[in-house]
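**Student:** Use the sequences and the hints to build the structure in full.
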Amino acid sequence: MLQIDCPWCGSRDQDEFQCGGEAHIVRPATPEDLSDAQWADYLFNRANTKGAHAEQWCHSGGCRRWFNIVRDTVSYKISSVYQAGASPPQEKP
Amino acid sequence: MKRNRYSIFSLARNAVSYHRDWRAAWRSPDPAPSYDVIVVGGGGHGLATAYYLAAEHKVGRIAVLEKGWIGGGNTGRNTTIVRSNYLWDESAHLYEKSLQLWEGLSQELNFNVMFSQRGVMNLGHSLQDMRDIYRRSNANRLNGIDSEILSPAEIKAMVPAMNVSENARYPVLGASFQARGGVARHDAVAWGFARAADEHGVDIIQNCEVSGIFKENGAVTGVETNRGVIRASKVAVVAAGHSSVLGDMAGLRMPIESYPLQALVSEPLKPVLDTVVMSNAVHGYVSQSDKGELVIGAGVDGYIGYGQRGSFSIIEGNVAAIVELFPIFSRVRMLRQWGGIVDVCPDACPIISKTSLKGLYFNCGWGTGGFKATPGSGWVFAHTVAHDEPHALNAAFNMERFTTGALIDEHGAAGVAH
Amino acid sequence: MNTRFSPLSEFTTPQQRFGASDRLDCWLEEQAFLAHFNLRGDPQHSDFLEVLDEQIGLRLPLVANTVSVSQQWRSCWLGPDEWLLLGPKSKELPETLMAGLNGMHYSLVDLSGGQTVIRIGGPAWRDVLGSACTLDLHPRTFEAGRCAQTVLAHSNVLLIHVDADERGEALDIVVRRSFADHLLRWLIDAAMEVGFELHRPRT
Amino acid sequence: MSGARRSPTGGLIDRSRSITFRFNGKEYSGHPGDTLASALLAQGVRLFGRSFKYHRPRGVVGAGAEEPNALVQLGEGAYSTPNLRATQIELYQGLTARTINGWPSLSFDIGSINNWLARLLPAGFYYKTFMWPRSAWMRYERHIRRAAGLGIAPTAPDPDRYDKMHRHCDVLVVGGGPAGLMAALAAARAGARVILADEQPRFGGSLLHTDARIGGESALDWVDATLSELKANSNVTLLPRSTVTGYYDHNFLVINERRIHHLGPGQADPRISRERLWRVRASQVVLATGAIERPLVFGSNDAPGVMLCSAVSTYIRRYGVVPGQRGAVFTNNDSGYQAAVDMAWAGMEVNAVIDLRPSPAGQAVETVEALGIPVHAGHVVCGTRSNAQGLNRIELARLTDNGSDILSYKGLLDCQVLAISGGWSPTVHLHSQSGAKAVFDEELACFVPGNSVQAERSAGSSAGTFDLAGCLSAGAGAGVAAARASGWSGDNLDIPMAIGGQCGSIQACWEVPSTELDSTGLKKFLDFQNDTTVADIKLAAREGYRSIEHVKRYTALGFGTDQGKLGNINGMAILAKALGQTLNDTGTTTFRPNYTPVTFGAISGRAIGEDKFDPIRKSAIHSWHARQGAEFENVGQWKRPWYYPRDGEDMPTAVNRECTATRQGVGVLDASTLGKIDIKGPDAAEFLNRLYTNRWDKLQPGRCRYGFMLGEDGMIMDDGVTTCLGPDHYLMTTTTGGAAAVMGWMERWLQTEWPKLKVFLTSVTDHWSVMSVAGPRSRQLLEDVGCDFDLAAGAFPFMAVREGSVAGIAARVSRISFSGELAFEVSVDANFGLALWEAVMEAGHRFDITPYGTEAMHVLRAEKGYVIVGQDTDGSVTPLDLGMQWIVSESKDFIGKRSLSRSDTARDNRKQLVGLRTSDPQQVLPEGAQLVNAPSESRPVPMIGHVSSSYFSANLGRSIALALVKGGASRMGGTVYAQLMDGAIVPAVITSAVFLDPENERQRQEAV
Ligand SMILES: Cc1cc2nc3c(=O)[nH]c(=O)nc-3n(C[C@H](O)[C@H](O)[C@H](O)COP(=O)(O)OP(=O)(O)OC[C@H]3O[C@@H](n4cnc5c(N)ncnc54)[C@H](O)[C@@H]3O)c2cc1C
Ligand SMILES: NC(=O)c1ccc[n+]([C@@H]2O[C@H](COP(=O)([O-])OP(=O)(O)OC[C@H]3O[C@@H](n4cnc5c(N)ncnc54)[C@H](O)[C@@H]3O)[C@@H](O)[C@H]2O)c1
Ligand SMILES: Cc1cc2nc3c(=O)[nH]c(=O)nc-3n(C[C@H](O)[C@H](O)[C@H](O)COP(=O)(O)O)c2cc1C
Ligand SMILES: [Zn+2]
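Chains as they are written, first to last, in my numbering: chain A, 1 to 93; chain B, 10001 to 10418; chain C, 20001 to 20203; chain D, 30001 to 31008.
The reader is advised that the hints may include incorrect statements.
With a straight-line Cα cutoff of 20 angstroms, these simulated DMTMM-like cross-link-like pairs (lysine to aspartate or glutamate) come out [unchecked claim]:
| no. | chain 1 | residue 1 | chain 2 | residue 2 |
| --- | --- | --- | --- | --- |
| 1 | D | Lys30966 | B | Asp10089 |
| 2 | D | Lys30128 | B | Glu10108 |
| 3 | D | Lys30892 | D | Glu30753 |
| 4 | B | Lys10270 | D | Glu30141 |
| 5 | D | Lys30231 | C | Asp20127 |
| 6 | D | Lys30892 | A | Glu32 |
| 7 | B | Lys10291 | D | Glu30076 |
| 8 | D | Lys30639 | C | Glu20010 |
| 9 | D | Lys30758 | C | Asp20042 |
| 10 | B | Lys10058 | B | Glu10108 |
| 11 | B | Lys10156 | D | Glu30890 |
| 12 | D | Lys30437 | A | Glu32 |
| 13 | B | Lys10354 | A | Glu22 |
| 14 | D | Lys30897 | A | Glu32 |
| 15 | D | Lys30026 | D | Glu30076 |
| 16 | B | Lys10358 | B | Glu10224 |
| 17 | D | Lys30128 | B | Asp10089 |
| 18 | D | Lys30897 | D | Glu30610 |
| 19 | B | Lys10067 | B | Asp10248 |
| 20 | D | Lys30698 | D | Glu30890 |
| 21 | D | Lys30756 | C | Asp20081 |
| 22 | B | Lys10067 | D | Glu30549 |
| 23 | D | Lys30758 | D | Asp30683 |
| 24 | D | Lys30892 | A | Asp33 |
| 25 | B | Lys10291 | D | Glu30141 |
| 26 | A | Lys77 | A | Glu22 |
| 27 | D | Lys30966 | B | Glu10224 |
| 28 | A | Lys50 | B | Asp10021 |
| 29 | D | Lys30756 | C | Asp20042 |
| 30 | D | Lys30758 | D | Glu30747 |
None of these hints come from the bench; they were simulated from the model.
**Tutor:** Next comes the structure, spelled out in structure tokens:
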């Protein structure tokens, strides 16, 4: 039962949120230029990381804003929250 | 490697010697430096693959590498529903092959896997559910798979505990029913395959985690493990929730995400439910184990997770769904809940395929519904590995389908995918 | 001329009151026919804020989950570029506001028919709400000037702290029309235990 | 014999009042404050049940949550509840309970024959047999199922209610013993918001059964004083009868409060829930859950009368029960001596303290010896003998000096109550559930909490601190630390002086040695509920089941309703020894919720039943439909009128009537449930271009257009009509079921992928009531209703939109049609929806206006070949498959476009939408019917598609169907066969999917 810090509303129960999966997958600018395999990679392949995973969430039961978090997919601990469009914070050394 | 054969007679014989003389069901050998085939993952599918490789394809030296204890993955934590009434031809034929293997599995393995053909019911709660049920049942019949459509009255007669009242929030309008479907004793499936594979000389190596895959010139050459390097020219990965992790080791990107899927059991009860009941719309499924617990499950958490646990709110929704369908279970108590890591493909169908790397094979993506496929999956995968070519039954379940678009989408019409 | 029906005007329940005579610790009523407008715009754009201030005397709250109040309007933060303007009964927004906003990227949408407000008060309102609400409603954290969107009994709602109703502290629950009946039913069920009174809609 | 086994004084029971109750049909009495177990013990009952596998007679072993044996079926009828522990049932007047296992009766149980067959039934025997003949398993299974299972599910719906409560707190303290009370006090004094939960009806924990003193007063007085301070603090919530059952991620904990169990069925105020599930987010958690005493493992250690020392003390001190006449103690540590003292205090004859340590010494020993009780050091109990009432003798033996073997047998000792103590197992359940790993402490001979992974700390005996003074100060320390960690600055508390409750050394003993082979001698039970014995564990290890998890599953160790609270650690230690491992190597099995079982009702809370399981969404016109006797259809969460039967009509008659009336006169449909999204901003058209397959940049204000939305995989996701309301301003409609998903989808693209697009979205679904007025008379009707703009075709063309007033209500009217008729969709502020509807109905009298429901709507649109997303599409259908190339723009990119050119998606002979005409016009194909080219008896029959929509069309006087057929577009006029479930084979001809008015003259109809 995650408790997620919405960058706007603060800490809320996971049931107010919706996960949008892996973050930072950019839609190709000109899909027509892609091979079928490249398109399939964009469409279906996912890092599915065991460990620190950058993912998109939407505060759908609250402010309806999308944002990103880095969450450990084993411990479920959330190490950072940042706004949509921002790049993931650097790993601490 | 002759084992004790299991039977009532051997049981009686051993009783005389106070059960001192039972041999180990499977050995616990140290890994050899190399094998012909390494199977990564000691779940039901991996063990079945090893068994059929040895028993049917006479592959000589096989090892199953399991990072924990065999059957400790999804095989040991699923709700054990077995059925073959899938919508699309490709899946229907594959699962039906599996169901046929189930029907003789205890004898084949000489291990009672308690396959109980008590029937599986998929409820329909909306007009669209009923259309889908007709479509799927009709297709099943034409594919040679048994299927019936039940009216609410027929459902009530089979499952008196169910509320089929018209006043329910989502009334039961009917159901599809596969009488040959049912449940099995999940642990026994892993153990039975392990014992039978061991009998054919397969080395089952537990506490052996694969941490790297070696390749040379586009072909696989072995694996790195916490118990040293083990060589093989064929590596068959059957790692379920960890498929992406292994794919990553080989440099493959996979169309897989791993989600927490939970299940729970009630305290044991005297028999009260004689068949398996699944509902997509009310979202839950339930059967009663031979020990008497209600075994209950629902859907995955909405985010990936490797923690073998999920969120409580899923459990709440799941239990509410069961009480909604079975109001008399309200005073029954939940004993235990747990989770597994299910590997989900975009089209809710598995991958049983060669890869771009020679000698590397993947069997994964079974998601929330691969227990029923255990023998069939092992059978076709063994064929694929032995012949370096898929069997007709798994040809469609290749990786290329994500490129060509020839998905086999079982989301829409197959009901809850268990 | 034409009869209006608020989302809960036809609400029926066997009980309008429930509780031992000594205990009616919660009351509920619909605040029907308020003016609801959803406003979107860029708060970085100083003109945008100014127009609102000038035209309807509202300083939009820029702090998340807070409310600002003017003579006639309450404005609730819904998102970094989104607010709910709640006005008195069927209040229209002045044409001049639209005119003022013209040329800016904004959106001002009338939702008056699509939402209503259930006001809940009485000494036990927090417990009644606690049965469904995952937010921390403790007075230490949810106090005057606060609002919050959340999910209540499967319904998306906006909660607004009401500081100075003549009957004491209360809470306004803004809920979509089609969910209002369900939500009120749920709240009444939750309020059984503390005893409740269902007031006629305030229109 | 009432009160025969009560001590004359003492105990926390109300001796002034008596309660009668029934157990196994017999009437007994007890006192308020009793549990069912204590009351029965006080009445001399020793036999509580039969064991699961061998059906051995069993009595009470414990006094709380750890009890494995004394399970009962409580109550009758709808109140009947299976598998409750007698040790946790508070006695109430009129209680009835029955034993769970034992047939035909508890004292004579036929199943006990299994006891004699035991040798044939080692762990896992069923995996080895019941395999022949192959078909027989189902028969065997029926018998196995009947023999298994514990209690009986109720047979009627639950009359009680359940609810939930959400709370946030600074500090949640679990357990209200000395450690927990001190923790709560410390945190509360620091100002923190505190919840203190204990599963018992009273706070005090083990202090409820000691003679210890705290701060110069009796422990109970200290408890009372502490509680009154906590009660007076408004930041403290005290939850008795509340078990913390689950510890989840991010410090989310679930508490199961039992609110009325103790009153008996039907006795409580019906407004009060039976159970409440507290959902708590705690900033910090203090686990003061105490410790559970471990049994010692020896031959026939399951005889009724063998009880934990702490249970014996509890029954005596807390319940004033004298559990027997002659007692003895068997222990490996000091704490067991207290039971001897307590038994003597209660007037029992205490024959011996058997201590397996070679030379126990110290205060405990002295006290016992002072009472004249012989202490047999270096001795063990190696077996028991029972009569019909349970334990009557124990067999003693002397250990060798190193303690590993039996040196000699010392004969039998009379004994009805054998109090045993094998040491203590800290209750690390919640700690472990939180994700932490308990570690084995050799010195304490128990698992203790390891490193925390969540904001949690253990204190008191749950952390391995077994002396009272230590528990008090550990609790206080944990409370202050927790308060500080949650942002409060608390002072350290003064720790009151504790007298009593010391603890001494322990000599670990996991199994009392015996000379015979385990499997031949008396059974040594580990898991009483599942009849798992030491021999079973050793057998499992021999058979290669080496992981503790395998052993658990093979032997059922810890699988019971007590989840191994009593026996697991002994079992793990025995396995470790069999494998030559340390206990830390072997490890524990995984601790999972629930700590104790939780009622399904409580987990569901309020969210069950017709009006709470899921919201019922209603349109503003719903009440009118209901008054008309409409039958409703669930569409998503909405209730939509399905059809409106008139006096006694059946569904087909009603639907036919609605369909013909609409095509011939005028019909009205409540279309309010469609999703509606207001789209505004300079980039709105560009955004629509990206979302929809067709182009939107040329759509003029006042006009609307139909569009398809695809997933990025190229498959149809949703459809609807979007209107251009003005420059940069659009109103999109979506399907009823898809509304929320589409809105979410659009927001997501905007916010995450295209944040530079200046577009604002607002859901306005609920704001608008929409009625579709359709049919040749619709224009006239609207004129009659009163419309302040020109409805004439020239002024108001097809696919145009007008704003104005209808029936005096501000309205937006669109000339769009899903029925293929001349139609107007009128939208008004939903507060006026009903008024508009009534005005239209009123004016419609003249035209015999007919309201129609979703079924007629489906027929009408099917006559026109219009698809319904989700019915005629299933996630594998593209617009091209529907033959709608015209809607797919070549000249721009849109979501999903790239997928359409993949080899499989671009293939020719994909399944394509066609119409079907059965040769018998009266025959309506079932929806979902499979189509084949050549019907056949042999299986599998290759299938080429299926029927997605099928109706009888009253307007056409025949059946019509839409189907997806392989290569269907190029097979017009060809015949296919539906080979149905019932074996029937129905030929049908492939036609265009448009059955009526292919030129669209009716809907465009420019003059009436
Ligand atoms: C709660 C739940 C309910 C379910 N219900 C049903 C149902 O009712 N019916 C149904 O048909 N299916 C069901 N399923 C799905 C089913 O359990 C799985 O599809 C199936 O068991 C998969 O079997 P497997 O052998 O492929 O995977 P697993 O049993 O998970 O085996 C994979 C093994 O690989 C091992 N492994 C992973 N990484 C490595 C590595 N690096 N090195 C070595 N070993 C590794 C793992 O430890 C694991 O033992 C359910 C699943 C869950 C979780
Ligand atoms: N002599 C010994 O060796 C020995 C051994 C163990 C304990 N003790 C004595 O026992 C006392 C221990 O004090 P303590 O405070 O640590 O424990 P405690 O046993 O007094 O209290 C623990 C409390 O936690 C409650 N509890 C446990 N799990 C719970 C759950 N999941 N949810 C809600 N409540 C739960 C129990 O009902 C109990 O009331 C001391 O007095 C100590 O001396 C002595
Ligand atoms: C079909 C099935 C039935 C189960 N029945 C029980 C049961 O009766 N008692 C029990 O304690 N656990 C039962 N379990 C749950 C297991 O104890 C365990 O939780 C599960 O296998 C997952 O393993 P883990 O919890 O050790 O991670 C059952 C599991 C399955 C899959
Ligand atoms: Zn937010």
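**Student:** With reference to the structure, classify each hint as holding or not holding.
**Tutor:** We went through each hint and held it up to the structure:
| no. | hint | verdict |
| --- | --- | --- |
| 1 | Lys30966/D x Asp10089/B | holds, 14 angstroms |
| 2 | Lys30128/D x Glu10108/B | holds, 13 angstroms |
| 3 | Lys30892/D x Glu30753/D | holds, 18 angstroms |
| 4 | Lys10270/B x Glu30141/D | holds, 13 angstroms |
| 5 | Lys30231/D x Asp20127/C | holds, 18 angstroms |
| 6 | Lys30892/D x Glu32/A | holds, 10 angstroms |
| 7 | Lys10291/B x Glu30076/D | violated, 24 angstroms |
| 8 | Lys30639/D x Glu20010/C | holds, 16 angstroms |
| 9 | Lys30758/D x Asp20042/C | holds, 10 angstroms |
| 10 | Lys10058/B x Glu10108/B | holds, 16 angstroms |
| 11 | Lys10156/B x Glu30890/D | violated, 54 angstroms |
| 12 | Lys30437/D x Glu32/A | violated, 53 angstroms |
| 13 | Lys10354/B x Glu22/A | violated, 26 angstroms |
| 14 | Lys30897/D x Glu32/A | holds, 9 angstroms |
| 15 | Lys30026/D x Glu30076/D | holds, 15 angstroms |
| 16 | Lys10358/B x Glu10224/B | holds, 18 angstroms |
| 17 | Lys30128/D x Asp10089/B | violated, 36 angstroms |
| 18 | Lys30897/D x Glu30610/D | violated, 43 angstroms |
| 19 | Lys10067/B x Asp10248/B | holds, 17 angstroms |
| 20 | Lys30698/D x Glu30890/D | holds, 15 angstroms |
| 21 | Lys30756/D x Asp20081/C | holds, 14 angstroms |
| 22 | Lys10067/B x Glu30549/D | holds, 14 angstroms |
| 23 | Lys30758/D x Asp30683/D | holds, 5 angstroms |
| 24 | Lys30892/D x Asp33/A | holds, 14 angstroms |
| 25 | Lys10291/B x Glu30141/D | holds, 10 angstroms |
| 26 | Lys77/A x Glu22/A | holds, 16 angstroms |
| 27 | Lys30966/D x Glu10224/B | violated, 48 angstroms |
| 28 | Lys50/A x Asp10021/B | violated, 44 angstroms |
| 29 | Lys30756/D x Asp20042/C | holds, 13 angstroms |
| 30 | Lys30758/D x Glu30747/D | holds, 12 angstroms |
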